[in-house]
Structure formats: structure tokens, C-alpha cells
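Trainee: Those protein sequence lines, which keep their order, are chains A and B. With the numbering used here applied, the first sequence corresponds to residues 1 to 141, in that order. With the numbering used here applied, the second sequence corresponds to residues 1001 to 1071, in that order.
It should be emphasised that the hints constitute simulated quantities derived from the structure, not laboratory data. Where hints are given, some of them may not hold.
In silico SDA-like pairs for lysine to any residue, Cα to Cα no more than 20 Å straight-line [said to hold, decoys possible]:
1) A:Lys6 x A:Gln72
2) B:Lys1022 x A:Leu129
3) B:Lys1022 x A:Ile52
4) A:Lys6 x A:Pro137
5) A:Lys6 x A:Leu129
6) A:Lys6 x B:Arg1038
7) A:Lys110 x A:Leu3
8) A:Lys110 x A:Ile52
9) A:Lys110 x A:Leu42
10) B:Lys1055 x B:Gly1068
11) B:Lys1022 x A:Gly57
12) A:Lys110 x A:Gly94
13) B:Lys1055 x B:Leu1008
14) B:Lys1022 x A:Leu42
15) B:Lys1022 x A:Lys110
16) A:Lys6 x B:Ala1032
17) A:Lys6 x B:Ala1033
18) B:Lys1022 x B:Ser1064
19) A:Lys6 x B:Ala1018
20) A:Lys6 x B:Arg1028
21) B:Lys1055 x B:Thr1016
22) B:Lys1022 x A:Asp77
23) B:Lys1022 x A:Glu74
24) B:Lys1055 x B:Asp1067
25) A:Lys6 x A:Ala38
Derived DEER-like restraints, expressed as beta-carbon distance ranges [said to hold, decoys possible]:
26) A:Arg135 x B:Lys1022: 39 to 49 Å
27) A:Ala60 x B:Gly1054: 56 to 66 Å
28) A:Ile101 x B:Lys1022: 49 to 59 Å
29) B:Lys1055 x A:Trp13: 24 to 34 Å
Not close to chain A: a few residues of chain B, all C-beta gaps over 12 Å, as computed [said to hold, decoys possible]:
30) Tyr1039
31) Val1052
32) Arg1056
33) Asp1067
Ideal placement from N, C-alpha and C gives every residue a C-beta, glycine not left out.
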Amino acid sequence: MTLIEKRAWLTLWTMCPVYLVYFAIQVGWPDWPSGFLAKFGLLAAVAGLHAIGYIAGELAFRYRNREDGLQQDERDDAIDARATRAAYFVLISGTILAGAIMPFTDRGWKVANTALLFIVLSETLRAVLTVRGYRRPALAH
Amino acid sequence: MANEIRLLRFLAQDMTQAELGKRVGLTRQTIAAIEQERYSPSLEVAFRIAHVFGKRVDEVFHWSPPDGGPG
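Make the full structure from the sequences, and use the hints.
Mentor: What follows is the structure, given as C-alpha cells:
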């Protein structure tokens, strides 16, 4: 498995569970926790958990990676470019919704969570397409 | 794209995928993907691979059109 594919799996395993819990709380118990600081604390805890998991995984990959030389080549670039292109459109859609439409209809945490949701969705899509790219036949750029 | 890389590696004193990758600027995983026909390399890489084995590109890679006509 290449380093790019390992990173994509790491993103899926570290990001999806914590943000799934976060958004489940936001949908199921929108008033919990109450107060800006408490809500911000929850978000910080989720983001921190994701960051710790990702950094730990990245360090483990670097420690265990015994292969010398090239880590990324034209195939990795092609797969990464395709996944990033698709994720970009999701991110742009979220930016338009949260930055250009919702400020006129909603406010506060709803706008922030929508932006966060689209960031998570775009990163998830990028990771899924990267993993899928290594399993399906592909052409160079 | 069908190719003879595995055979050519065997004939070249059992050259490893990692060694071939190093010589043409690809990772071992990409050489494996090319051999298994899961990845079609760029033209430049195809030329580089053929050059390593001292062959022409069409001696290493074989392409046939999807409609089954002559390649």
C-alpha cells in the first residue's frame, strides 16, 4: 500500500467516526451543550481527537515505512488529482451555501456547522476516491 | 494495457519491481499495478521502461482496440 493510500485510510478512520458523533449530537440534541464556550469546547474536543489520531497514525507510518526512495509518482499524482477535483466541487458547494446563502436565512452555529459538514464531506470524498483509485484501472494524466 | 514487463524482469536477472521502479522513477506499487494491467503508464514512462530492457515500446506494451479490431 502506498503512503498516499495509507493516508487516505487514516483520514477515513480518524475523521469519520469523531465527526459522525459530533453531527449526530448536533442533529439529535441541538441545544446540548448550552452556551458558546461549551459548544466550542465540544467542537475543539472533536477536532483535537481527530488531530491526535491523524498525527499518531502519520508518525506510525513514518516509523514503520522501510521502503527507500520514491514515495509518490505519476500514478499517485493522477489518483490524487482526480480525488481532489471531485472534493473541490463539494467544498465549493458548501462555501456557496454556508457563505453566500445561509447568512441571509440562518446564523451562528448552524452556519458554522454547515461549513464544517461540507469540509468533512469533501475530505471524506477525497479519501474514498483515493482509496478507490488504487483499486480500479486508471490512466496516467 | 497488456505488457511483457514481468517476463522481461525475469530475463533481466530477475530484476525486482523496486529496482525497475527506481530506474524509471516509479514506486514499486505502480510497477506492480502496470504488470497487473491496473494502470496504463504515461508515454514517457513507457519509453523509459522499454529503454531499461533495451526494447522498443511495442515490444513491451501491447494495445488492442476495445472493438476487437487490429491494434
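Trainee: Run every hint past the structure and note whether it holds.
Mentor: Here is how each hint holds up against the structure:
{"no.": "1", "hint": "A:Lys6 x A:Gln72", "in the structure": "12 Å, holds"}
{"no.": "2", "hint": "B:Lys1022 x A:Leu129", "in the structure": "27 Å, violated"}
{"no.": "3", "hint": "B:Lys1022 x A:Ile52", "in the structure": "34 Å, violated"}
{"no.": "4", "hint": "A:Lys6 x A:Pro137", "in the structure": "19 Å, holds"}
{"no.": "5", "hint": "A:Lys6 x A:Leu129", "in the structure": "13 Å, holds"}
{"no.": "6", "hint": "A:Lys6 x B:Arg1038", "in the structure": "19 Å, holds"}
{"no.": "7", "hint": "A:Lys110 x A:Leu3", "in the structure": "36 Å, violated"}
{"no.": "8", "hint": "A:Lys110 x A:Ile52", "in the structure": "26 Å, violated"}
{"no.": "9", "hint": "A:Lys110 x A:Leu42", "in the structure": "15 Å, holds"}
{"no.": "10", "hint": "B:Lys1055 x B:Gly1068", "in the structure": "26 Å, violated"}
{"no.": "11", "hint": "B:Lys1022 x A:Gly57", "in the structure": "27 Å, violated"}
{"no.": "12", "hint": "A:Lys110 x A:Gly94", "in the structure": "13 Å, holds"}
{"no.": "13", "hint": "B:Lys1055 x B:Leu1008", "in the structure": "10 Å, holds"}
{"no.": "14", "hint": "B:Lys1022 x A:Leu42", "in the structure": "47 Å, violated"}
{"no.": "15", "hint": "B:Lys1022 x A:Lys110", "in the structure": "51 Å, violated"}
{"no.": "16", "hint": "A:Lys6 x B:Ala1032", "in the structure": "17 Å, holds"}
{"no.": "17", "hint": "A:Lys6 x B:Ala1033", "in the structure": "17 Å, holds"}
{"no.": "18", "hint": "B:Lys1022 x B:Ser1064", "in the structure": "29 Å, violated"}
{"no.": "19", "hint": "A:Lys6 x B:Ala1018", "in the structure": "19 Å, holds"}
{"no.": "20", "hint": "A:Lys6 x B:Arg1028", "in the structure": "15 Å, holds"}
{"no.": "21", "hint": "B:Lys1055 x B:Thr1016", "in the structure": "18 Å, holds"}
{"no.": "22", "hint": "B:Lys1022 x A:Asp77", "in the structure": "17 Å, holds"}
{"no.": "23", "hint": "B:Lys1022 x A:Glu74", "in the structure": "13 Å, holds"}
{"no.": "24", "hint": "B:Lys1055 x B:Asp1067", "in the structure": "28 Å, violated"}
{"no.": "25", "hint": "A:Lys6 x A:Ala38", "in the structure": "34 Å, violated"}
{"no.": "26", "hint": "A:Arg135 x B:Lys1022: 39 to 49 Å", "in the structure": "25 Å, violated"}
{"no.": "27", "hint": "A:Ala60 x B:Gly1054: 56 to 66 Å", "in the structure": "42 Å, violated"}
{"no.": "28", "hint": "A:Ile101 x B:Lys1022: 49 to 59 Å", "in the structure": "52 Å, holds"}
{"no.": "29", "hint": "B:Lys1055 x A:Trp13: 24 to 34 Å", "in the structure": "43 Å, violated"}
{"no.": "30", "hint": "Tyr1039", "in the structure": "5 Å, violated"}
{"no.": "31", "hint": "Val1052", "in the structure": "15 Å, holds"}
{"no.": "32", "hint": "Arg1056", "in the structure": "19 Å, holds"}
{"no.": "33", "hint": "Asp1067", "in the structure": "18 Å, holds"}
Of the numbered hints stated above, those contradicted by the structure are hints 2, 3, 7, 8, 10, 11, 14, 15, 18, 24, 25, 26, 27, 29 and 30, listed in ascending order.
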